[in-house]
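Asker: Read left to right, the sequence shown gives residues 265 to 649 (the working numbering).
Since the hints were made in silico from the structure, they are not lab data.
It is possible that some hints are incorrect.
[Claimed, not checked] Subject to a maximum C-alpha distance of 25 Å in a straight line, what follows is the list of computed BS3-like cross-link-like pairs (lysine-lysine):
hint, residue 1, residue 2
1, Lys446, Lys341
2, Lys563, Lys486
3, Lys563, Lys454
4, Lys392, Lys621
5, Lys621, Lys581
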Amino acid sequence: MRLRSSTKIQGPVTRSKSRRSTINATEAKRFCGGDRKSIEHSLKFLDERRKPASTRPLAKQLPKKGATYEMSLFSTKRNISACFLKTALTTALPSLSYSSASTVTRLSRPFRIGGVPGKGQGMIATEKIPVATLILAEVPLIVVPGQIDLNRMGIESAASMETMLLQLVKLLPKHRQDLYVKLHNAHAGKGVLNGIFETNCFKLSNLGDNSGYDSYNGVFNKLSKPNHSPNAHYRWDDATFTMQLRAVREIGVGEEILISYTNILHPSSIRFRDLKEDYGFPCACRACCNAAASDASRKLFRKMKFGSTGQERISSKYLEDRLRVLGLMENEGVEASECYPELLKEILMAYTNRLDKQMVVQFKTKYFLASAALGIPVDCWISEL
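Please take these sequences and the hints and turn them into a complete structure.
Answerer: Listed below in structure tokens is the structure:
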């Protein structure tokens, strides 16, 4: 989740042949830790890998629907991903728009990965990062179908997920395998590879599939390092086959770059539960430590309705109310919510109706930056103001 200056993504994505090398018990132990059952399960899987290629379970058929999923290794100019995708998408992937037409504005590298007291590792800004700056655009290590399709393929238990993930991770070059197995695991009871997946996966917004039904999850290396309590927002970009991280507010030198691990508009009790169950820690941010006031503000944000009439926007009370809520949003640090640019647009339209040119310029800039940070298209007419 991050950004910088003008660099073109060069060349199309190409599909590589699947790796078919075998690994022994020692290597299996490196993947599955010291747990005996995990090693036995992995060795059983490796026996399957040594069978002729035609008998290896590299494709899974969805019952009734008839769609087939396939494991393949894909490479871009940025890096290599092991993907378990629908066969139709696997075929189409090299022809998607991963070309020089896609550009990413980047800084040289505005962060470092390092230790953070009480949190383990984190991502720390090494220079001032303005709003909407691209901090990072990262290709996933692995891509896996969503849970609904995995269940329909019979991949439901932790053991079956561990087997599938071992098969997928083995497709990667060794240095990419090592990056995966070194990621944090907050779900050790679910297996090594599956625990890492559960801890670090991100939704990939229907990766190249506009049906609205299929979904995919990805695991990333650097993207897995930011801690919780957002000043940055991540968004999947099909055109570059990357997850992109952008600043939603200005981040100072030495400040942690943070993302949200849960819905930031949920009440504190739900956020606390999600973080404790999914990641094993309670949040200690300013909002969670002052839950009563924070919950009241976020309830207001959730209930906000947009799309006012021109007559309403002329009212002084309308503008005062919107500016008050904007101050609350910025104080609560919820700029990563989509209601933030929506509110900025309403205020911009109010100043436009009032013919206040100075404030129109100010809020037009804020609206454009907030929308860019979240990857939200801006209304064309606003560009002409």
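Asker: Between Lys621 and Lys581, does the CA-CA distance stay at or below 25 Å?
Answerer: 20 Å, holds
Asker: Check whether the Cα positions of Lys446 and Lys341 lie no farther apart than 25 Å.
Answerer: Status holds; Cα separation ~24 Å.
Asker: Does Lys563 pair with Lys454 here, judged by a C-alpha cut-off of 25 Å?
Answerer: 35 Å, violated
Asker: Decide if the proposed pair is consistent with the structure: Lys392 and Lys621, CA atoms, cutoff 25 Å inclusive.
Answerer: 29 Å, violated
Asker: Is Lys563 close enough to Lys486, meaning Cα to Cα at most 25 Å?
Answerer: The given pair, whose Cα atoms are some 33 Å apart, is violated under the 25 Å limit.
Hint violations for this structure: numbers 2, 3, 4, all remaining hints satisfied.
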